[in-house]
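**Student:** With the hints as extra help, turn the sequences into a complete structure.
There are 4 protein chains.
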Amino acid sequence: MTKTDDLGAWWRTSIIDMEPGRIAIRGTPIEELIGTVSFPQMIWLMTRGDLPESAQAQLLEAALVAGVDHGPQAPSIAAARMAATCGLGLNNVMATGVNMLGDVHGGAGEQCAELLFDISARVDCGADPEKAVADVLSAWRDTHGKIIPGFGHRFHKPVDPRAPRLMALVRDAAQAGTVSGRFAEIGEAVQTRIGADRGAPIAMNIDGATAVIFCELGFPPPLARGLFCLSRSVGILSHGWEQMQQGGRNKGPMPPGYLPHYDAPDEDA
Amino acid sequence: MTKTDDLGAWWRTSIIDMEPGRIAIRGTPIEELIGTVSFPQMIWLMTRGDLPESAQAQLLEAALVAGVDHGPQAPSIAAARMAATCGLGLNNVMATGVNMLGDVHGGAGEQCAELLFDISARVDCGADPEKAVADVLSAWRDTHGKIIPGFGHRFHKPVDPRAPRLMALVRDAAQAGTVSGRFAEIGEAVQTRIGADRGAPIAMNIDGATAVIFCELGFPPPLARGLFCLSRSVGILSHGWEQMQQGGRNKGPMPPGYLPHYDAPDEDA
Amino acid sequence: MTKTDDLGAWWRTSIIDMEPGRIAIRGTPIEELIGTVSFPQMIWLMTRGDLPESAQAQLLEAALVAGVDHGPQAPSIAAARMAATCGLGLNNVMATGVNMLGDVHGGAGEQCAELLFDISARVDCGADPEKAVADVLSAWRDTHGKIIPGFGHRFHKPVDPRAPRLMALVRDAAQAGTVSGRFAEIGEAVQTRIGADRGAPIAMNIDGATAVIFCELGFPPPLARGLFCLSRSVGILSHGWEQMQQGGRNKGPMPPGYLPHYDAPDEDA
Amino acid sequence: MTKTDDLGAWWRTSIIDMEPGRIAIRGTPIEELIGTVSFPQMIWLMTRGDLPESAQAQLLEAALVAGVDHGPQAPSIAAARMAATCGLGLNNVMATGVNMLGDVHGGAGEQCAELLFDISARVDCGADPEKAVADVLSAWRDTHGKIIPGFGHRFHKPVDPRAPRLMALVRDAAQAGTVSGRFAEIGEAVQTRIGADRGAPIAMNIDGATAVIFCELGFPPPLARGLFCLSRSVGILSHGWEQMQQGGRNKGPMPPGYLPHYDAPDEDA
Chain A
1 MTKTDDLGAW
11 WRTSIIDMEP
21 GRIAIRGTPI
31 EELIGTVSFP
41 QMIWLMTRGD
51 LPESAQAQLL
61 EAALVAGVDH
71 GPQAPSIAAA
81 RMAATCGLGL
91 NNVMATGVNM
101 LGDVHGGAGE
111 QCAELLFDIS
121 ARVDCGADPE
131 KAVADVLSAW
141 RDTHGKIIPG
151 FGHRFHKPVD
161 PRAPRLMALV
171 RDAAQAGTVS
181 GRFAEIGEAV
191 QTRIGADRGA
201 PIAMNIDGAT
211 AVIFCELGFP
221 PPLARGLFCL
231 SRSVGILSHG
241 WEQMQQGGRN
251 KGPMPPGYLP
261 HYDAPDEDA
Chain B
1 MTKTDDLGAW
11 WRTSIIDMEP
21 GRIAIRGTPI
31 EELIGTVSFP
41 QMIWLMTRGD
51 LPESAQAQLL
61 EAALVAGVDH
71 GPQAPSIAAA
81 RMAATCGLGL
91 NNVMATGVNM
101 LGDVHGGAGE
111 QCAELLFDIS
121 ARVDCGADPE
131 KAVADVLSAW
141 RDTHGKIIPG
151 FGHRFHKPVD
161 PRAPRLMALV
171 RDAAQAGTVS
181 GRFAEIGEAV
191 QTRIGADRGA
201 PIAMNIDGAT
211 AVIFCELGFP
221 PPLARGLFCL
231 SRSVGILSHG
241 WEQMQQGGRN
251 KGPMPPGYLP
261 HYDAPDEDA
Chain C
1 MTKTDDLGAW
11 WRTSIIDMEP
21 GRIAIRGTPI
31 EELIGTVSFP
41 QMIWLMTRGD
51 LPESAQAQLL
61 EAALVAGVDH
71 GPQAPSIAAA
81 RMAATCGLGL
91 NNVMATGVNM
101 LGDVHGGAGE
111 QCAELLFDIS
121 ARVDCGADPE
131 KAVADVLSAW
141 RDTHGKIIPG
151 FGHRFHKPVD
161 PRAPRLMALV
171 RDAAQAGTVS
181 GRFAEIGEAV
191 QTRIGADRGA
201 PIAMNIDGAT
211 AVIFCELGFP
221 PPLARGLFCL
231 SRSVGILSHG
241 WEQMQQGGRN
251 KGPMPPGYLP
261 HYDAPDEDA
Chain D
1 MTKTDDLGAW
11 WRTSIIDMEP
21 GRIAIRGTPI
31 EELIGTVSFP
41 QMIWLMTRGD
51 LPESAQAQLL
61 EAALVAGVDH
71 GPQAPSIAAA
81 RMAATCGLGL
91 NNVMATGVNM
101 LGDVHGGAGE
111 QCAELLFDIS
121 ARVDCGADPE
131 KAVADVLSAW
141 RDTHGKIIPG
151 FGHRFHKPVD
161 PRAPRLMALV
171 RDAAQAGTVS
181 GRFAEIGEAV
191 QTRIGADRGA
201 PIAMNIDGAT
211 AVIFCELGFP
221 PPLARGLFCL
231 SRSVGILSHG
241 WEQMQQGGRN
251 KGPMPPGYLP
261 HYDAPDEDA
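Quick note, the sequences are listed as chains A, B, C and D, same order.
For the first sequence, my numbering begins at 1 and goes up steadily by one.
For the second sequence, my numbering begins at 1 and goes up steadily by one.
For the third sequence, my numbering begins at 1 and goes up steadily by one.
For the fourth sequence, my numbering begins at 1 and goes up steadily by one.
Quick caveat, the hints were computed from the structure, so don't treat them as lab data.
Quick reminder that beta carbons are idealized off the backbone N, C-alpha and C, glycines included.
You can trust all of the hints, since none of them are fake.
Short, incomplete list of chain B residues facing chain C, as computed with Cβ under 8 Å:
no.	residue
1	W11
2	D17
3	Y258
4	L259
Here are some chain A residues the structure puts well away from chain D; computed CB gaps all over 10 Å:
no.	residue
5	P29
6	G35
7	S54
8	R141
9	K157
Cβ pair distances, simulated, as ranges:
no.	chain 1	residue 1	chain 2	residue 2	range
10	B	G49	D	P20	38 to 46 Å
11	B	T192	A	Q246	34 to 42 Å
12	A	D50	B	D172	25 to 33 Å
**Tutor:** Set out below in structure tokens:
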């Protein structure tokens, strides 16, 4: 291998193949995909390498539609709106918002998918389903504390309205044979178990319901976060753009009259 | 207005209305949208406030599908792949890539849409169409130089394969009455004129063709950039994720054996 | 030139020269700089190519110290604090804050430096100083509106306390022969003129005073923004880190009980 | 507590206290700091709450000077240069580069500081120093693999020239009583132990040497990353600015003639 060959292999991809006048995505010329596949199908093709059936793509589409927005109280949306008042282009506004979707703000779907896959794998290895659920929850709590990603909502009490609708779509898809329904069952078993553990019912939230969908469709957990980022990008763009039209310069979190509280060091004494 | 009222109005939106257990997007409860509208319809609803007809959404969808990827030679894709080797989460990887879509890398669609609207407005005010095209091109060149956004491609010679396919879809949509076809005509007139000016034919590229679509559908120019960012986010996510699976640590642009050229100051002497 | 040579020249720099075991910055081995030059001297060396005199570096240092923080009401600081509650690493927290320093939030120093250099250049070409000031202000207002970057402050009335201190240091430096004092004079002439134009005195703010310093020291205007970003990075880091220690999860701009105002579409009717 | 009080406490800080015309940093009016404290002293004051002695600040300054740049092969620098060719402002260019300094690219100093503090704490609790070193290294390898952060360098063989210079400054500072020298000793014990374990000497790198300095000065480990981000921001700014002056549009990692390798799916068959 010459040095130049070495160079050619420095960046390698199985996603796209290009030469002048030709772009092939996963082996298919782009012009055969444009106007033919849906945007969710394209997202699936790009991230996974094959085209989904139409029913699979519709379930993915429901998850993508569900997560677009949670209003200016969400840090991702607020940061994008602030960015819009600082003179940034829409691309920078969007990047600012998406950058915020870290483990705490954007990671619950990924973490929940990991829990669901973990339970599923234990059952495949012969574990009793109820015990698998209890063990996985217990291991999570030991490491991360009592909040189980995908269940409960600090704002939407008693129920996050997105979750039951998404779960109904999963059950329909299971009945139609599009998905197995296995992860919906596991998700519900987790919900039951958390409720029993805390002595009060708890509801699955959007992160739990989308995690069920992504697991049913075979997406690996990190893509649960990635797909949520795509979905939320729509809200980030929309709010950034709305803020640009409203105007405002250097908008901080509160009106100028509200000063942050100063914790003088001697207050601790 | 009390101080607290003043506060409530500090962040205001017509996109989303929430209370515990309720999320309404542009006035419609989210659970009525999930599984009912397509992802492109949701993007339209979020950014514009109303739901498009199905045929309009399909034209938008074609534009979203077309722009997802241009391979690791594109700075947005390369930066995302590098970021993935630096230990970042997928949200940060995506933000890094999207941040790159500035005026030069992600702004051509927006700039082209501005040109097309400008020509259209002049014609509406009674200008001769050919003269409007010539005047707008001339004004652009005076300020920005000879590269007209949306036309020609440094890599895809003679033709960017995405553009003719998109333009065929626009013509179909015009024939079906979904759009007027007016901006397709203007785009073609611009293409003809640039070709005449330089004495050699030039082809519309993806930025030109998507600008035509966004103009036909009534999106304001800044959203041409925003929608491209959404589209390209799919490629950024896919390449970031592929790179994570390939591994690699701190990958620079070239293999470690290739050092950048050092321009010693006395070389200028 | 072989293809591989072409490659070697793809990235070229006069800042750094490296080979295994050797790092030279602007021609000087790094180990000769560490412990020998101050951090501001290093910033000057990196951005400009030569080492400043100690007195020059001290004036730069004063400007770097002055801009570090403006509290959680500043969008850059607020976004960093929010990011810290979303589970991001400190690098991503800092990037989120720095990204916000666009034309409106971080560009005033650069814009003011451009005005000062423009006035200076006109005087060099023989213009009457007072007329040069008036013409440059008038041209700015025609394009950008009435706010002149570097003068006035929406919060610090009547005076931003950083500006008079910085200007006193400039005057001292001019008296000592470290700088010419020319841009301090121009800045004061601009201040006088704006006051006359609006019929009420106006004070130079930190962006004006640092712009004067950067012009006196010979930094091109875009570096005025870059140096401010370096300075403000200190505050962004400090607030992000303080927020991490305070804890909090997904902190939006206001407490959860405060909902953004929903502008229903029919409110416009 | 009224709702508005609750609001005032939503953002709280002990860093800065402001009212119109007054800015106090950690209790000191900003105008008393400008021109009086050095930039490294200000960095210390902002991040920690008190002002360091001059000798302490000089040791911090050496660490800040050492890390500014590692050339365009570093992903942080390369991404910034690419960003500069995409039409971004310098603030966005800088954010793009700093965002890259994740666990792999920017986290080694923080991780090394954690190891050093861990060894120190074990010795404080009565452990044998050699055993503490061996146990901490062994625990790290079990979780993270064989690369110990802060030691060895893939490019600078045999020695990263920044580390011995920094360590000499630490030894001088220990002799002068500025620092205890304890973490320098621990760092050297770690270096010896790794060398013995692998049967070949290994050298401390810049991350190890700066971790020693930050530990000696009492900075908590996350600030090791934060301070490195501040330092590297200087290089990111300088290279971004140099690239802006060189020009170039949409520069990918390699010249346009070098295409990434396409891994066709059937190559795996």
